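Enquirer: Here are the chains, one letter per residue:
There are 2 protein chains.
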Amino acid sequence: MLIHTIKEVREQVKEWKKLGLTVGLVPTMGALHNGHLSLIKKAVEKCDRVVVSVFVNPIQFCPGEDLEKYPRTLEADTKLCDDAGVNIVFAPSPAEMYGENQMRTNDFLTYVIPPFFYVNKLCGKSRVGHFDGVCTVVNKLFNIVQPDFTFFGEKDAQQLIIIQKMVKDLNIPVEIIPCPIVREESGLALSSRNKYLSDEDKIHALALSKILNNIKNCYKKGITDVEALKETAYQFLDEHHDLEYLEFMNQNDLEETTKADDTTRVFIACKVGGVRLIDNILLGEK
Amino acid sequence: MLIHTIKEVREQVKEWKKLGLTVGLVPTMGALHNGHLSLIKKAVEKCDRVVVSVFVNPIQFCPGEDLEKYPRTLEADTKLCDDAGVNIVFAPSPAEMYGENQMRTNDFLTYVIPPFFYVNKLCGKSRVGHFDGVCTVVNKLFNIVQPDFTFFGEKDAQQLIIIQKMVKDLNIPVEIIPCPIVREESGLALSSRNKYLSDEDKIHALALSKILNNIKNCYKKGITDVEALKETAYQFLDEHHDLEYLEFMNQNDLEETTKADDTTRVFIACKVGGVRLIDNILLGEK
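Going down the list, the sequences are from chains S and D. Residue numbers for the first sequence follow the numbering used here, so the first one is 1 and each next one is one higher. Residue numbers for the second sequence follow the numbering used here, so the first one is 1 and each next one is one higher.
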C-alpha cells in the first residue's frame with residue numbers, strides 16, 4: 001500500500017499496535033536495489049508488519065550535491081516492496097515532512113545533531129551537515145512510524161554507528177538491526193549511485209573492494225600496523241581513482257586506531273568517473 | 001511510587017499501555033510548588049496514569065549558573081506527588097540519564113537543537129545553550145515515558161513555545177497541554193528560585209507582575225504602540241532592579257512586534273537581590 005501522508009501511516013500503525021503486532025521500519029531514499037531488498041527481506045522475516053519509507057531527504061544533501069539528479073523510481077520501488085511482502089510504502093513529499101518552506105538551515109527547524117566526535121571524520125568531513133540531516137529525518141520517521149525494529153545497512157557504516165548513538169543518547173524505544181553489505185559478483189558494493197557509473201567506471205570501481213579485501217587478508221596473516229596496511233592499498237589505485245579517505249577505526253565509537261584488531265573497521269571513499277563511492281569492511285568478521 | 005531507573009519506568013508504562021490507559025508526563029526539576037501542583041492536578045484529571053519526572057538537568061545549566069545550589073527536595077516532592085494521585089515519580093541520577101560521564105558538550109552526546117530564530121532572544125540570549133539542554137532532556141523523557149499528554153507551564157513561555165516547535169518539527173506523538181501561571185496573592189509568579197529571595201527582595205520582585213499588568217491595562221485602554229507601552233514600565237523600576245529584557249512578541253512564533261495585538265505576549269526578565277526572575281503575560285487573555 002502506497003501512502004503519502006503522515007496522518008495515514010500513523011492511523012495504520014496505531015491499528016497494528018492495538019492488535020499487538022510488531023512493526024519494522026526500513027528507511028530508504030528509494031532507487032531500491034538488492035542491498036535494500038536484503039534489509040526488506042530481513043524486516044519481513046522478523047516483524048509482523050513492515051513499513052518502507054521512500055524519501056529523498058533534502059536536508060541531508062549538501063550544496064553542490066546530487067539532490068536534483070538523485071534517482072527517483074517510486075513506481076518500481078513500490079512494485080518491489082509489494083512483491084517482498086511490505087505492508088506500507090511511505091513516500092511523503094518534502095512539504096509533508098518539512099512544511100511548505102523546505103528549511104535547509106537550523107534557523108526555523110529543530111535539528112537532531114549527532115556528536116561532533118562521530119561526525120568530524122570519514123564522510124562527515126566532506127559532507128558538512130549531512131549527518132545532521134540524516135539524524136533529523138530518521139528521528140522524524142521513528143516518531144511517525146514508532147517501529148519496534150529498524151533496519152540499516154552496514155554499507156553506510158558511519159551512518160549506522162551515528163544512528164545507534166542517537167538511539168542510545170536519546171533513549172529512542174527502537175531496536176536497530178544492522179544488515180551486511182550486499183555486493184555484485186565482482187565485489188562492487190551495491191549503491192543507488194552505481195547507476196551513475198559507466199561500464200568502464202565499474203571496472204575501476206572494483207579497486208575499493210579489492211583494497212579492503214587485501215587489507216583484511218594481510219591482517220589475517222598477522223599484519224596489524226595500520227600504516228603498513230594502508231601502504232598495501234596503493235597498488236590498486238591509478239589515475240582513474242580520486243581517493244578521499246582510507247581510515248581504520250574502532251567500529252563501536254569511531255575512535256581512530258594505529259594498531260588493527262578484530263573490532264577495527266576499515267573505511268574507504270573514492271571518486272571514480274566523478275561518482276563518489278564508499279565501502280568498508282570489519283577486520284574481525286569471518 | 002518513586003523510581004530511579006529508565007528500565008523500571010519503561011516496564012511500568014508498557015503495562016499501562018497494554019491495558020489501553022492514557023499516560024501523562026509532567027517534567028520538572030523538583031522543588032515542587034503550587035505552580036507545579038497545578039500542572040500535576042491537570043494531569044491527574046486528564047490522564048489515567050501520571051508520571052512526574054524530577055531531574056535537575058545538568059546540561060541545561062550554563063557555566064556560572066546555580067546547578068549546584070539549585071534546590072533539591074525529593075522527599076517533599078514525592079510526598080506532594082503521592083498526595084496528588086501521581087502514579088510514578090521518576091527521579092533518575094545524572095549518570096542514569098547521560099552515562100557515567102556527564103557530557104556537557106556536543107562532542108560525545110547527540111543533542112536536540114531548537115531553531116536559532118526561537119532561541120536567540122529572551123532568556124536564550126543570556127543563557128547560551130540552555131534550550132539545547134532543555135530540548136535534549138525533554139526529548140529523552142518523551143522517549144522514555146512515551147506519554148499521550150505532557151504538561152508545561154506558561155511561566156516559562158519561551159520554553160513552552162520551543163517545546164511545541166520541537167514536537168511539531170520532529171513529529172513527536174504527544175499532545176502538549178499548556179498551563180497558566182500560578183501567582184502568590186501579591187502577584188509574584190511562583191518559581192523554585194523564589195526560595196533565594198529575602199522578604200525585602202520579594203517586595204521588589206513585585207515590579208515584574210506590576211509592569212506586566214499595567215501594560216495589559218494600557219493595551220486594553222487602546223495603546224498598541226510597543227514603544228509607548230514599554231515606557232510605562234520605568235515607574236516600577238529602581239536601583240533594586242536589574243532589568244534584563246522587556247519584549248513584545250507574537251506568542252506562536254516569537255516574532256518581535258512593534259504594534260501589540262491580542263496574540264502579543266509580553267516577556268520580562270529582571271534580577272532582584274541577585275536572583276534572576278522571569279514573568280510574562282498574554283495581552284489577549286481575559
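Keep in mind the hints are simulated off the structure, nothing from the lab. Heads up, some of the hints might be wrong.
Copies of the same chain are indistinguishable here, so a pair counts whether it falls within one copy or spans any two.
What the hints assert, rightly or not - No more than 20 Å apart at the CA atoms, straight line, and that leaves these computed lysine-lysine pairs for PhoX-like:
1) Lys14 <-> Lys168
2) Lys259 <-> Lys69
3) Lys286 <-> Lys168
4) Lys7 <-> Lys168
5) Lys46 <-> Lys216
6) Lys202 <-> Lys125
7) Lys42 <-> Lys216
8) Lys230 <-> Lys14
9) Lys202 <-> Lys79
10) Lys221 <-> Lys17
11) Lys230 <-> Lys168
12) Lys125 <-> Lys259
13) Lys79 <-> Lys230
14) Lys221 <-> Lys14
15) Lys69 <-> Lys286
16) Lys121 <-> Lys195
17) Lys125 <-> Lys41
Source: prediction; values computed, not measured.
Enquirer: Can you give the numbers of the hints that this structure goes against, from lowest to highest?
Expert: 2, 3, 5, 6, 7, 8, 9, 10, 11, 12, 13, 14, 15, 16 and 17
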